[in-house]
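Visitor: Construct all of the structure, not just a fragment, from the sequences and the given hints.
Counting from 1344, one number per residue, gives the positions in the sequence shown under the working numbering.
Treat the hints as calculated values from the structure; they're not laboratory data. Among the hints, erroneous ones may be present.
Estimated spans, in silico, between C-beta atoms of each pair [said to hold, decoys possible]: (1) Pro1374 <-> Gly1347: 44 to 52 Å; (2) Arg1352 <-> Arg1372: 24 to 32 Å; (3) Gly1348 <-> Pro1374: 37 to 45 Å; (4) Leu1349 <-> Glu1371: 44 to 52 Å; (5) Arg1352 <-> Phe1373: 30 to 38 Å; (6) Gln1368 <-> Gly1348: 42 to 50 Å; (7) Phe1370 <-> Gly1348: 32 to 40 Å.
If you're wondering where the values come from, they're calculated on a predicted model, not measured in any experiment. Note that the Cβ used here is the ideal one computed from N, Cα and C, for glycine as well.
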Amino acid sequence: MLSGGLFPRVGAYAVLALGFWLLFQAFERFPKY
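Guide: Take a look at the structure:
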């Protein structure tokens, strides 16, 4: 139960963190208004 519910949760958090990091990189690349 732990291994079955832990890996999808960690994967979801990793994808979420990667998405936020890419969004932050895009905001730093574009000029701020």
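Visitor: If a hint holds in the structure, say so; if it doesn't, say that too.
Guide: Hint check:
no.: 1; hint: Pro1374 <-> Gly1347: 44 to 52 Å; result: holds, 46 Å
no.: 2; hint: Arg1352 <-> Arg1372: 24 to 32 Å; result: holds, 31 Å
no.: 3; hint: Gly1348 <-> Pro1374: 37 to 45 Å; result: holds, 43 Å
no.: 4; hint: Leu1349 <-> Glu1371: 44 to 52 Å; result: violated, 33 Å
no.: 5; hint: Arg1352 <-> Phe1373: 30 to 38 Å; result: holds, 32 Å
no.: 6; hint: Gln1368 <-> Gly1348: 42 to 50 Å; result: violated, 31 Å
no.: 7; hint: Phe1370 <-> Gly1348: 32 to 40 Å; result: holds, 33 Å
Consistency with the previously given hints fails for numbers 4, 6, ordered from lowest to highest.
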